[in-house]
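With the hints as constraints, model all of the structure from the sequences given.
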Amino acid sequence: MQPFAFITVTGEQAARQAAAYPDARYLAGGTTLIDLMKLNVERPSTVVDINAVPLAAISELPDGTVRVGAMVRNSDMAHHPLVRDRYPLISQAILAGASGQIRNMATTAGNLLQRTRCYYFRDTTMRCNKREPGTGCAAIDGYNRIHAVLGTSEHCIATHPSDLCVALAAVDATVRVVGSKGARAVPFGEFHVLPDERPERETALEPGELIVAVDLPPLPFARRSVYVKVRDRASYAFALASAAVALDLSGGVIRQARVALGGIATRPWRAHEAELLLEGREASVEMYRQAADAALAAAIPRRHNAFKIELARRTLVRALSRAEALS
Amino acid sequence: MTHMRSTSSVLVDVELLVNGRRLPLALDPRVTLLDALREHLGLTGTKKGCDHGQCGACTVHLDGRRILSCLTLAASASGREITTIEGLADGDRLHPMQQAFIDHDGFQCGYCTSGQIMSAVALLDEPCGPGEADVRECMSGNICRCGAYPGIVAAVQAVRQGRG
Amino acid sequence: MIGAAIDRLDGRQKVTGRATYSAEWPIERLSYGVIVQSAIAKGTIAAMDVSAAEQAPGVLAVITAGNAPKLPQGGQAGVNPPAGRALTLLQDTRVRYNGEPIAVVIAESFEQATHAASLLRVNYHEEQPAVDIMQALPTAEPYTKKILGQFEPFSRRGDVDAGLRDAAVVVEATYTTPLETHNAMEPHSTIAVWERDQLTLYDATQYVYGVKRFVAKTLGLRDDQVRVVSKFTGGAFGSKGSAWSHVVLAAMAARHVGRPVKIVLSRRQMFGPVGGRPYTVQRLRVGARHDGTLTAIDQDVVSSTSTFEDWVESSTLQTRMLYAAPNVATAQRLVRLNLGTPTFNRGPGESSGTFGLESAIDELAWRLGVDPIELRLRNYASVDPETGLPWSSKSLRECYERGAERFEWSRRTPAPRSMRDGDHLIGLGMATATYPAKRMPASAAATLTADGAILVEAATHEFGTGTYTVMTQIAADALGVPIDRVRFELGDSNLPDNPISAGSMTVSSTGPAVHAAAVALRERIRQAGADPSDVESCRRIIAAAAGAPLSATAAAAPGAEKARYSMHAFGAVFAEVRVDPELGELRVARVVGAYAAGRILNPKTARSQMIGGIIYGLSMALFEHTAIDPRNGRYLNADLSEYLVPVNADVGDIDVLLLDETDEHVNPLGVKGLGEIGTTGVAAAVANAVYHASGVRVRDLPITIDQLLAGSDR
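Chains as they are written, first to last, in the working numbering: chain A, 35 to 361; chain B, 14 to 177; chain C, 19 to 732.
Hints are supplied without guarantee of correctness; some may be wrong.
[Claimed, not checked] Partner residues are not named here, just some residues of chain C that face chain A (Cβ under 7 Å, in silico): (1) P90; (2) H133; (3) S136; (4) L137; (5) L138; (6) E600; (7) D647; (8) L654; (9) D668.
[To be verified] Over 10 Å on every C-beta distance to chain A, these chain C residues come out as not near it, computed from the model: (10) D110; (11) V188; (12) R273; (13) D318; (14) P500; (15) A566; (16) S659; (17) E660; (18) D718.
No lab work stands behind these hints, which were simulated from the structure alone.
Idealized CB from N, CA, C, for every residue including glycine.
Here's what the structure looks like:
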């Protein structure tokens with residue numbers, strides 16, 4: 035870990051002022067930042083501890099939106115009645131991730147900024163465009179079993195590791211941020227950006243901007259939703275493939291569908307193609323398979339991760355079937 | 014902006030409240046809570062297994078909840094209540110979970126044990142389901158390489174069912 | 019006392035956090051050492067810029083090949099495998115694997131040392147490494163030395179080719195096991211303290227005397243200049259059986275800076291520099307008549323080693339003795355790769371070897387249409403078929419029977435994919451477990467102290483095996499006193515000499531010495547006119563001797579039994595798996611292991627050790643593989659997030675049966691050892707169950723979703 039200045043702040047304003055130092059990083063749960071600082075992947079000059087900033091509330095707005103504070107711990111979010119009852123896929127996604135200890139530390143905002151588990155990103159002796167732009171991607175021709183098949187570029191195939199973000203993508207959450215230019219709302223689908231030629235840039239956040247909340251819009255049919263995660267071991271492991279699904283079913287017909295995939299893409303992957311195929315159609319496994327094929331149609335396999343394409347298809351079919359069974 | 018501002022060469026003043034004791038320290042801001050306990054306070058009961066939040070050996074309670082001390086900066090924990098394995102027993106009287114781990118042989122080499130017990134004690138206040146499978150899931154953040162898992166589950170269930 | 023299921027005597031220390039592991043000794047003026055590792059697998063260091071590191075705050079020294087003291091024989095004076103390993107001690111600029119130590123940075127604090135270590139700038143002359151076992155397979159050469167200094171590297175009885183010609187059915191298949199890294203929970207750690215010319219090492223080890231002698235030789239010291247202390251070791255599994263580079267580097271660093279130095283390896287640094295199970299590629303040919311009588315077994319094992327030390331994974335040994343086949347040939351070959359040197363890993367040889375052999379036997383059972391247990395019984399070896407010696411004891415038949423009964427093997431319907439539970443496919447599989455009963459010379463001391471307590475001492479080790487507990491039981495039993503009168507001390511090379519705690523032989527080696535010392539003390543107490551069980555009388559004789567304690571020492575060693583008997587523990591392990599046929603998810607719902615391993619001294623700790631061994635085997639079956647970059651030999655998944663071992667949720671019901679077995683020949687205590695046998699056979703039992711469940715035969719460990727998905731239906 036390289037030396038840094040440590041600053042504790044108690045308010046948003048102070049946080050953003052402190053973050054104006056070059057290479058400053060906000061410290062919330064620390065489960066990503068401290069880990070990566072120990073690996074010398076993150077090398078902040080200043081660490082701004084925002085744990086005392088009062089952003090840890092979950093509340094319901096007049097229009098039915100559920101506002102989750104940036105500093106709400108994952109375990110609190112998962113077990114909060116507003117989340118648990120209205121958005122089961124979110125609760126399930128959180129509880130399928132990490133461990134009890136980590137969920138007590140990790141925050142809502144931190145989860146949005148979780149970084150890839152790519153071996154090459156985490157090892158400073160290896161080439162990585164995300165860590166050191168322009169050095170090349172060692173994963174593309176390396177050992178890439180855990181890497182992405184969707185949203186990749188010739189510069190990066192790193193998988194986005196979050197479970198929570200997959201569910202947030204499915205429900206069309208909004209990320210509320212504040213910065214020097216004031217407050218703004220970023221639709222979840224625009225928050226994470228594809229690697230393209232600049233894999234070092236992962237989100238739409240501007241330097242110094244602070245996430246203050248994530249808004250969950252009213253989505254009545256999300257009460258019937260699931261998160262299905264497939265991994266190598268039964269717990270405490272990142273997804274090989276996952277699917278967050280909500281279905282609005284009426285008389286066996288899918289009125290609306292929300293589909294997002296995890297573990298297989300460079301960002302939380304909303305599968306609009308699958309949703310379009312499903313909507314207005316009769317619910318059936320055959321239909322789910324077609325939707326899954328559509329969701330994975332653009333997938334690009336590498337040497338060790340081709341199995342993920344079929345695995346993701348089947349995971350999605352499983353999730354859709356389970357969601358249907360709930361209805 | 015308030016409070017601690019330090020440069021790399023400057024130590025930060027930290028006050029750790031460990032097991033009911035108030036322990037002021039001047040620390041390099043890089044020092045994790047885990048290393049503060051082990052290397053600065055001589056509280057070596059909390060273990061370093063991976064130093065990256067991947068094994069659970071460093072589990073302690075922060076403000077009553079289980080967390081990983083290896084991913085927590087000591088400076089961040091300043092002023093907050095910390096309980097470690099050394100703070101569980103009441104004098105010579107073991108915490109029921111400690112006794113249950115002995116009774117059910119929930120450890121072998123002992124290196125993951127502090128973390129297992131700290132997790133298990135915290136679990137008593139968490140919304141963990143009643144079954145063995147629930148306990149296995151809730152305890153999956155603590156790796157035991159010796160393979161003492163069946164004894165660990167038995168110990169947790171014994172305490173939860175008042176058979177501690 | 020012996021045979022009582024008492025609680026672990028070190029339990030209270032462990033559950034209160036008061037057991038002192040090697041990195042935890044409070045040492046004055048302690049400094050922190052961090053090892054810097056190579057970033058290439060093969061070549062030489064062209065230049066190293068240490069200036070930034072040297073100038074970083076708190077740094078006391080940076081030791082490289084440029085300024086390290088020259089050691090006798092280039093640092094290789096202690097090399098005498100398997101105990102004394104070929105290490106990297108900064109004696110030259112060669113790089114032979116990725117992650118090899120190339121420098122040590124010592125600083126006032128851990129944070130300063132770790133940061134400074136990241137500031138070294140290194141230029142290499144890089145050469146093309148060999149890191150892929152399959153690519154390098156054609157370069158395999160026969161291993162020519164004796165395995166573990168004891169067994170021939172190849173075996174031949176009868177005529178295998180003729181046997182295969184006589185067979186009605188021949189199974190010919192190749193099985194592979196990957197690089198497996200032990201990953202004990204406690205990282206390897208050493209504190210080195212010099213007081214003038216005396217060196218004390220607080221070291222996480224399975225062998226205090228081995229470390230003492232090896233370090234003394236390597237540094238050119240007399241044995242009596244080195245003391246090694248290791249009161250608790252946080253898991254070992256073979257990885258702490260040798261003194262690896264960091265141990266000697268800690269001693270060198272402490273001398274260099276004139277202060278005690280602590281080196282604790284990071285988790286990443288435990289991949290490569292401290293051993294692991296090598297790759298094995300096992301080609302098996304097994305033939306049988308229609309009735310299931312084996313006509314031939316041929317096993318050719320290629321295992322990997324480093325380019326600078328030949329270490330062999332003895333995966334053929336069980337094949338020589340397990341079945342009464344008339345024609346058996348085995349061979350061990352080695353491929354040298356630019357990776358760290360492998361080492362013992364729980365059940366070294368047998369854990370990997372039984373995967374090949376017991377999978378092939380299962381395949382044969384399918385081909386013959388014979389029940390897998392029945393096939394094994396038809397070829398039951400009533401004497402050691404390789405040597406012709408009688409077994410010291412063997413209860414494998416009972417293990418098959420009792421295990422099958424407990425597991426309800428009879429409910430198994432033979433056809434693959436024939437058993438279901440809802441949407442899941444269920445599979446039942448089994449395999450044989452076996453491990454030799456070994457023993458080495460050992461010694462112990464027993465002392466009656468003024469308060470009437472008895473101190474028993476032997477330089478053996480505690481890393482979860484229950485040594486404190488069972489040695490206390492043995493001593494108390496021999497003395498006829500309650501457990502709480504006895505205190506057992508271990509883990510210090512100032513105590514009586516004892517062998518490495520490995521190969522399931524601590525109790526069989528140290529146990530008889532402890533027993534003999536306790537008996538000797540008992541007699542001395544009686545001669546002095548006291549009754550050992552009467553504390554008051556014991557106190558009186560010490561008082562009468564002006565407080566001088568009464569002591570006895572004893573040594574114990576194996577005798578001629580080895581020439582007369584073949585000595586092995588046996589078992590049968592059964593696994594029930596659940597496979598999700600669409601997603602390829604595999605869970606092991608249940609394991610039953612039935613073992614006969616001689617006398618059981620403490621059923622409570624014994625059961626735990628067997629469960630732990632089985633879980634270690636499940637880990638091999640399902641999860642473990644060290645991923646190596648195919649281009650530069652980098653250890654890729656070098657952490658506990660990506661190198662998977664089981665978590666609590668992975669472990670289902672595990673049921674252990676320890677059969678009564680009396681063995682009057684194996685050693686005076688009649689014990690065979692439990693450390694390894696639990697791991698053997700498990701991977702094969704799981705693979706065999708997976709085949710039964712899904713119809714997919716997995717011959718390459720670990721068994722992962724990728725493989726099951728490929729063989730599944732949509």
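* Any CB of chain A closer than 7 Å to the CB of L654/C? -> Where the cut-off is 7 Å and the nearest Cβ of chain A is about 4 Å from L654/C, the hint holds.
* Is it correct that the beta-carbon of A566/C has no partner in chain A closer than or equal to 10 Å? -> 54 Å, holds
* **Beyond 10 Å from every chain A Cβ - status for R273/C** => 28 Å, holds
* When you look at the beta carbon of V188/C, is every beta carbon of chain A farther off than 10 Å? -> 32 Å, holds
* Asked: At a threshold of 7 Å, is the proposed contact between L137/C and chain A supported by beta-carbon distances?
  -> Violated - the Cβ of L137/C stays beyond 7 Å from chain A, reaching only about 9 Å at its closest.
* When the nearest CB of chain A is found for D668/C, is that gap smaller than 7 Å? -> Cβ of D668/C sits 5 Å from chain A, so the hint holds.
* Was the hint right that H133/C lines chain A, CB cutoff 7 Å? -> Check passed: Cβ of H133/C comes within 6 Å of chain A, closer than 7 Å.
* Asked: Does the interface hint hold: is S136/C within less than 7 Å of chain A, judged Cβ to Cβ?
  -> 5 Å, holds
* To do: So, P90/C near chain A? Judge it on the closest CB pair being under 7 Å.
  => 33 Å, violated
* **Exclusion check [D718/C not at the chain A interface, CB over 10 Å]** => Per Cβ check, D718/C is outside 10 Å of chain A; nearest 14 Å; holds.
* Restraint satisfaction for E600/C [CB to CB of chain A, less than 7 Å] -> This interface hint holds because 5 Å falls under the 7 Å limit.
* Asked: Does D647/C pass the interface check with chain A, least Cβ-Cβ distance below 7 Å?
  -> Holds - the Cβ of D647/C comes within 7 Å of chain A, reaching about 6 Å at its closest.
Of the numbered hints listed earlier, those contradicted by the structure are 1, 4, 5, 16 and 17.
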